[in-house]
Amino acid sequence: MTSTIEPQVGAARKRKEDARLITGRTRWTDNIALPGMLHLAILRSPHASARIASIDVSAAKRRPGVVDVFSGADVRDIQGSLPCAWPVTEDIVHPVRPPLADGYVRHHGEAVAVVVARDRSAAIDALEDIEVEYEPLAPVLDLRAAYEDTGLVHPDKGTNKSYTWVFDSADAGTGSSVSDAAAEVTINRQYVQQRLIPAFMEPRSVVVDPGMGEYTIWSATQIPHILRVFYALLTGVPEHKIRVIAPDVGGGFGGKLQVTPEEMIAFLAAQRVGKPVKYTETRSDTMLSAHHGRDQLQDITLTATRDGTLTGIHVKLIANMGAYLGLVGPGVPILGAFMYNAIYKVPAYRFECVGVFTNTTITDAYRGAGRPEATYAIERAMDELAVELGMDPIELRRKNWIKAEEFPYTTVCGLVYDSGDYDAATDKALELFGYAELRAEQERRRASGDPVQLGLGVSTYTEMCGLAPSRILGALRYAAGGWESASVRVLPTGKVEVVTGTSPHGQGHVTAWSQIVADELGVAFEDVEVLHGDTRTSHKGLDTYGSRSLAVGGVALVEACRKVRDKARVIAAHMLECSPDDLEFTGGAFRVRGTPDAARTVADAAFAVFAAHDLPDGVEASLDADATFDPQTFSFPHGTHLCATEVDTETGHVRIRSYVAVDDVGRVVNPLIVEGQVHGGVAQGIAQALHEEAVYDAGGTLLTGSFVEYTIPSAADLPTIVSDRTETPATSNPLGVKGVGEAGAIAATPAVVNAIVDALRPYGVNDVPMPCTPERVWRAVKRGGVA
Amino acid sequence: MSSSHRVRVSVDVDGTRYVDDVEPRTLLVHHLREQLGKVGTVVGCDTSNCGSCTVLMGSADGAQHSVKSCSVLAVQADGASVTTVEGLAGPGGELHAVQQAFHELHALQCGFCTPGMIMSAVDLLRDNPDPSDAEVREGLSGNLCRCTGYQNIVRAVQSAAAALRAQAELPEEATV
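Chains as they are written, first to last, in my numbering: chain L, 2 to 788; chain S, 407 to 582.
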């Protein structure tokens, strides 16, 4: 029996996932139809802040086809409060967050009442007949006013401040004090991280089948395992009576990393009516109710010596939590706290963050979660420092970044960066970009007073990925760990089933995991099946977010494979009548050293185990293994992105002329997938720079409540990017991988805005607030007014 | 609004004729998904922006063009012929050139926009068999994707265009 010997890791294998997705044979949650299934519609608050004086559901209940109608008051004793798993400080203010509003609504779109009906139309129609009497209250919307406690979101708490979280390198013993930093040059800037909406393409959907007290729940979620735990904790239904399935899930980007009101409401409805129920939101519901991202006010101060050596970074943040705390919402800015120093050697650092409530939809993880915000501020401020010093922005960075020979390097935050080569990535990017030629063109356009100015923007980023070492999460007061699990079982005919605790929703884990197993066990790529996203088959996992799946889950898979291989080695040795030590695993088989024709494969061992006629003493009749991997540290992918923009100073229109991304994500399992992740991440990063912003009006109504107003870019809005890689393997895990899911979204935003500002320097412009719409760019030119 | 009034609709979908009584307000996409079980076609928004629900529609014997099936009432499809992503592959399951190219060039990640994106691309290439990249980007601007940044979608559409042009140049008897 021969096995494939072509290495699979590193090959651009086409995805196994595609066959279903390109032919429409998909398994979205909204496709599910169960016998007797009823449908939900949710009435949402039109007010940002109001007291609910009364709710009358009687007319709605009388409509044909309506089975049940209920509001928060009807489930007061059982609905509980939605969880926050990351209370970042001991004294965090953590208001109750009922799935259905009870007494008060605190943001536009908050769920108020629910109709359960025979079909979706009947449920939606009945919403019209629910009578709610609101007493509107003055909403707290402006983040700075909220910070000043001008009006209160939760009057019983007496403050809008949820928490204050501080890191100081002097206190931590990881550096000196910013107040002692040499400050020959000081740059102080304020940046606004506008509120974004993750806008995954598949609206969220949940089906709850209450069975006979054994609940099966399908949800369009990134976190089936975490969701199951919280269902058990919140409902009192024992965990082993709850099965959560994340079937095909249409994107997430952090936006489906949540335990949602709708998931709990569907559970309550199924319990009440004793039948399966489905809730599928409209896009308008998504925009109002699914959590938003970013929304921070940043104040960053850099100090440096005249020669351009950084001496200190001081960051003050106000982070908008929205009306309540989301699942990991308070922790999002804290993930950023460790990234403001980025790739730079800086002796002193202080970070202060205040989490603040407003009468808006909650904020929580969105692609990058804290790290894009941090990277934006430091990379924008580095450009300002370069201008102040009269240095090239890349040379300023080069002067301050960690050199390849200095790894492992302990940063001013106390993190140990294991590996990287910032010179290599940057040099490659500069070459692909044609930096010198573009600078020359920029000079020509400036000299000729061309109304279309050219700007060059750079962003050299790193991020902490592979969330995460459990003991560090514990120290940061996160409620759960950061390990991941994998199971590998070799079937009698040599095919392999893998169970992973990761929960992909577009990332291609089935393909990448198959490649890893093929190499580890010497089986064919096609002979590996990857099972995920169902707590019955995959009982143990911590799901997919934070660029963790490969760097943690992939490593767990390698460890499980190696346990299987160790078992197979013993069996192969027995079959070959030699010592296991005489065998080497090469070319997909165990071979006797010096006699390579004497060989047995893992498949041979699997059949021997199945027959069990002649197993060595003490060897059990199975070829399975489980592994759980808990990383000792984070992984630190990095890269250099360069953007050239043509900015029309007369219309404010920005055209991205060229974009180069050179990323170092460590060892690459599948270059096709990695490139796709970079493309998509860069697109979302560009979207923050140029296109997207969630906007509330003065009364707290979300104005960007659909894709008409919330303008995610189309194909016509985006450039073709040039992407390439350097490869510095991580030393912190046996795969050498670092993670790629968030990189593009982190790097692109500052690269684009730096390019726009660079184009407009001759006009006296040193910032354009995001998104840099034509109007804002035009206003910046007019206000700058040097020309 | 009464839900009792119903209108008879006869529509050919992916080669099968369906006759149903529907509420006049029923959107074609809901008719496809909820009555006909054509759940390969999906709903991504409620404002006709995302294009996830795109199908091909034409008169029973005429040419089909892409429509957003959320913007067509089921009653408007009476007598029409509709092709969804489920009916695009050949009778033996051989993939359409656009489907094949999406797979080859990694033009999908989560895959939710993919049915609509593929159907729009099929229509685009029928209208313009040799588009520029800019024409592809413009032609697909009614279909939103959040995962790919569109780069591989554009590559896939160009690859499919080349394959379809090569196919069209073959002699008649060779094309089946």
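Source of the hints: derived by calculation from the structure; they are not laboratory data. These numbers come from a predicted model, not from an experiment. Among the clues, some could well be false.
[Said to hold, decoys possible] Cross-link-like lysine to aspartate or glutamate pairs, in silico, EDC-like; alpha carbons within 16 angstroms at most:
{"id": "1", "chain 1": "L", "residue 1": "Lys346", "chain 2": "L", "residue 2": "Asp451"}
{"id": "2", "chain 1": "L", "residue 1": "Lys15", "chain 2": "S", "residue 2": "Glu510"}
{"id": "3", "chain 1": "L", "residue 1": "Lys62", "chain 2": "L", "residue 2": "Asp130"}
{"id": "4", "chain 1": "L", "residue 1": "Lys404", "chain 2": "L", "residue 2": "Asp428"}
{"id": "5", "chain 1": "L", "residue 1": "Lys17", "chain 2": "S", "residue 2": "Glu440"}
{"id": "6", "chain 1": "L", "residue 1": "Lys62", "chain 2": "L", "residue 2": "Glu129"}
Going down the list of hints, with the structure as the test:
1. L:Lys346 x L:Asp451: Roughly 39 angstroms separates the two Cα atoms, so the pair is violated.
2. L:Lys15 x S:Glu510: holds, 6 angstroms
3. L:Lys62 x L:Asp130: holds, 9 angstroms
4. L:Lys404 x L:Asp428: holds, 13 angstroms
5. L:Lys17 x S:Glu440: violated, 28 angstroms
6. L:Lys62 x L:Glu129: OK: Lys62 (chain L) and Glu129 (chain L) at ~11 angstroms, within 16 angstroms.
In summary, the numbered hints that this structure violates are 1, 5.
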